[in-house]
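Asks: If you want the building blocks of each chain, they are given just below.
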Amino acid sequence: MSTGLLFALVGAALFPLGAAGLLLQRHLLRRILAFNLMGSGAFLVLVGLAQRQDVPDPVPQAMVLTGIVVAVAATALALALTRRLHALTGRLELPEAAHD
Amino acid sequence: MIDAQQAALVGLILLPLASGAAAFLLGPGRGAGLCIASQAAALFFALQLADSVLAGDIARHRIGGWGAPLGIDLTADGLAAAMLLLTQAVALPLALYARAYFRPDSAEVRYFWPLFGLLLAGLNALFVSTDLFNLYVTLELVGLAAVGLVGIGGGALQIAAALRYLFATLLGSGAYLLGVALIYGAYGSVAVASLTPLVAAEAPTLVGLAAGLMLLGLLLKTALFPCHYWLPPAHGGAAAPVSALLSALVVKASFYLILRLWLGPLAPLTASHPLLPWLPALLGAGAILWGSWQAIRAPRLKTMIAYSTVAQLGYLFLIFPLLGTPGGRAAGILHAVAHGLAKAAMFTAAGVLIKATGQDRIAALAGAAQQLPLTLFAFGLAGVTLMGLPPSAGFLAKWQLLDAALGQGYWGIVLITLSGGLLAAVYVFRVLRQAFLLTSSKTTVAPVPRTLEWTAFGLAGASLLLGLRGVELVELLAVWGWE
Amino acid sequence: MSANAALLLAVLASSFLPGLVIFLLPERQVALRTALNLAGAISKLALVSVLLDGVYRGETYAFRHAVLPGLELALKADALGLLFISLSAILWLLTTLYAIGYLEGAPHRSRFFGFFSLCVTATMGIAMAGNLFTFFVFYELLTLSTFPLVVHRGTAQAMQGGTVYLRYTLLGGALLLAGSVWLQHLLGHTEFAHAGIVAGLGAEQAGALRLIFFLLIAGLGVKAALVPLHGWLPQAMVAPAPVSALLHAVAVVKAGAFGIARVIYEVYGVEFAQSQGLLQPLAWLAAATIVWGSVRALFQDDLKKRLAFSTVSQVSYIALGLALFGPVATVGGLVHLVHQGIMKITLFFCAGNYAETLGIHKVSQMRGAGRRMPLTTLAFSIAALGMMGAPLTAGAVSKAWLMDGARAAGSDWAVWVLWASSLLNAAYFLPILWQAWFGRASSAWPDEHIAARGWRETAWLLLLPPLVTAAATLAVGIGAATSWSPLAWAQLIAAREYLAAAP
Amino acid sequence: MKRFGIGGAALLLALALGYAMLELGPARLDLRPAVAAHLADSGVRHPVTAVLLNYRGYDTLLEVAVLLLALFAILAVTPPGPARRPAPADPLLQMLARLAVPLMLVASFYLLWAGAFRPGGAFQAGAVLAAALVLLHLTGQLPGWPTPGALLRGGLAAGLLVFLGVAAALLIEGSLLQYPPAWAGRLILLIEFCLTGSLGLILAGLFLFLCQAEGERR
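Protein chains in written order, with the numbering used here: chain A, 211 to 310; chain B, 5 to 487; chain C, 1180 to 1682; chain D, 14 to 231.
Please keep in mind that the hints were generated in silico from the structure rather than gathered at the bench. Treat the hints with care, since some could be wrong.
What the hints assert, rightly or not - Under 10 Å between C-beta atoms, here's a sample of chain A residues computed to sit facing chain B:
#1 Gly228
#2 Leu256
#3 Gly258
#4 Arg262
#5 Val274
#6 Thr276
#7 Ala283
#8 Ala284
#9 Thr292
#10 Arg294
#11 Leu298
All figures in this text were calculated on a predicted structure; none of them were measured in a lab. The beta carbon of each residue, even a glycine, is placed where N, CA and C say it ideally should be.
I would like the entire structure built from these sequences, with the hints used as guidance.
Replies: As structure tokens, then:
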């Protein structure tokens, strides 16, 4: 098995793990971590699968760079919102859906 | 140099991007005039683009001159032009509305204009992109801008709603991105033009998984029942101009992409099984019933309108078994356009009522409703579209949908469509009757800028007048550019 | 656009534009609002007479505008439509006058007259609709524009009435929509045409056509108040008197009855409908409604409610006439479209006068009202006698033609139904008349707030309209044989619909 | 119940993905030859940079917008407050930080320059720049940022605006971001230079703007 395919398989395992965490975890920091895990899974698949013959392909690498920056932006926003929620309510979990 | 059509195409992306950044440069709370001017120019561009596309001339632009699959291509066919036109036509009045709505020194308005500009840039870029990875970037641009706009109030409710929305939208775009990664792995390209001839019904399993992941992620972003949990708090809790933007435009963006993929590169897969289109249709039917029921029960005005969005989005998916017919396709887009205008009108009208009374319980609106007849009228006209009653664009969409469903003998769709209209009437008239209730005490109503009332009325009027101009829209949609 | 097409639009605009302006007028601009109302009503009357003249001379009037490929808003002016248009235009002018007097000093008048104008616009659109699609558009507009009028008072009872009204009419609208779309789907159009459009479809669609007929009639039957779809009508009488007058005589129930006429004669074609056995059940339903409405009217003490059930019964005369196969019955049904309108609007004007002048809302309070308000009571009596079918009134003409028609169609049972209805009519109207003229007045009226001045028992704007319509009741009855009467017009229409036999 | 459902679905997805990847044949298209063929005209010598700033430069333009957008959103949800300076750190740490910062600046500049022919580029350079600023903050030598003033706003937005300006100006060549081969290298360097500065500020801002909210809790 080539290294690229191995990366992709690891990514294929990480993504569902992260997605499940994003859905199941209640603590916001854990959810943010889960999101990053999920994103890393997708990036691994993107780079790994494309070079499963172990010949580097610059296009997905550039895409992953773009993806990482987007993920950083999203993470920063999530952290900012989490801090703000903590400052306002003292909690680090989302309130149950308001039944209004 | 480039021709006028391409200038309009590129301008629709660059203008709001530049105006958003420039508004940031000008400082907190400033840049309203700039964004409004840029939006007016964008509306002009969109009209120009639609006009040239209607003449049969599909707009194409190869960024960097490379051409797909190495570079990224932009394409505006009839569907894209229609969505671009809708977006600018809704965004310009909303920009005017927002300027009058926010107090100049309020916390909400400080970064509204930069976020507004980038949201519009993201939407416009999404509608014309034909590169699956580039579409991912535009999706994130739209998603993060929308989350930021939900949170601008800074209250605990808004922050919680924004976070919930952020996680939903990230999960959705994450699934989409994984799908794109798999597609690239299988085919070595993410350009629609090169993928379309490659994807076949007997594609590798991985491509089927990719298609499923992309569509599921986008369904979540479109808040299709039962993935709608994040929408009511976000759309109901945000400031009125933001709610209007989100309900009218943002959810439509991911729907647009679903439709594009379904009919475009993924068509061989989606057409591989005759029962597949019934899955979104079934969820759509669930959305109509469940969303309407929640809207009927909602005690608060904006919550009600938000649930109405959940319900109305259902119609967009009810058309999937009918996508093979031109009528079904037209019905979906007509509905998306009609709902966009009407829902923007409804949220802006609700904003006026809430601003005037300082609260938003439906049961307590009677006094205000009677002192703001123009706003109530706007609400009513928007309601006419949502109920699918003539002479509105919503009615044309409903007629077209029924016609297409009868053509295929799909009685379930007929039944759901008709009952959805009746359920909408229940929640719309819940509000409208406030205007006629006998009020014992004279409610004091805060003065509201006239601009707010008139923009709401203008948007509602547009959704009605479009009911007389369906032919042009259908002709526009017939110009199809994603082979 | 040709001048003829523009004329049709002008007929719509003559009430639509004033309506829009009135919405925006501040409450205190009474003079301007009144001027707009009257200018609209009078100019509409003028436009309609131009139209009448044109149609008489054989001009064709048509307007088309495509809203979707293959789907057109179409307006036309033909004999049947003009019968309804003329009735609406004349009665609108009178009702406007009456409403101006009735609502003097009441709140929310801009809103009221705005929707009032929209309501008439919708009625005109229904009358001029050139296809079922256009008909449906205006039919639903009518629902929307009458709801605010029904709940105008804003009381809990008004809200209740309005809610019931919406529940019925929107459901009916949905059925009508389903039927219309289906028809459009089968035919590719829904054009109204002489002798119908569906006959060519072939036998394999017979089942579908039957179901569509059911959907269409059910949808129209809600507004036409056919049993069991009539439940909203007695509830909707909570509206102010001018609205009830308009609802019962011109706009809503007539829209339903008129729609039934269009469907039978110009969509299905009466011969085809008869050949498919579609008319007989409708006739039975209409007969049942006639009897049921009359029986229910007997037991109502609330004057307007009694009139409302009377409407349920009387409007079905029209449906009965249309459903009995044969030109004579058709003439009876069509002429009753006009006659019932004139008579019923008189009754509601008078009921409004009693309520507004003396505070009388119930039949039991009417003792002696005839001596206090002789002119109003005279008008009321003429109209009530007309309803019973007394000689020299409009009602007698309708009834005579309907009975002849029933015999000609071989449906003798319908004759008995009509006789029974006449008796029941007498049973619920005569006691009112007796009480009013000969009963001893109680010492004080429930709530007298317009004092009599000489011969003028109430405000002249309230008095004039019922007197005019009462006179018309007599005029169209006595002058039925003349060439200008509604009867002559109905004969002309029937002659065109039955290609074989002219009456 | 929910846990098992989601967990099961995740497991199933992982297995399906793994299976499908293993059975997947070679990709149908290969972009590598195209990337290599046009490298000479792209203005840079490193293929990833060529993709990032030339072939798919539009992606990068939007991505910078996403980053700036995240900053806007953070500023929008954070109420304005006074800047906060963290407690000064150990003097030794402070001195080390002061020593490290110039080195980091040099490293950043090197990364920027190297991007043209080997791994590196504006993002990496910007990240190092941001790290330097955060380091100064954490050692108590740089206060958290208040609502940005005109100068800082200019610095934050400059990267996007210059990128946008170049992209738009190149419309003269026939399309968005169509570099003339002769100018491609210089224009890309200009963009990268401006991006490095702005990205450094933005990334630092994602951290430093948050520090103002620290003061008012609950």
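Asks: For this structure, which hints from the list above don't hold up?
Replies: none
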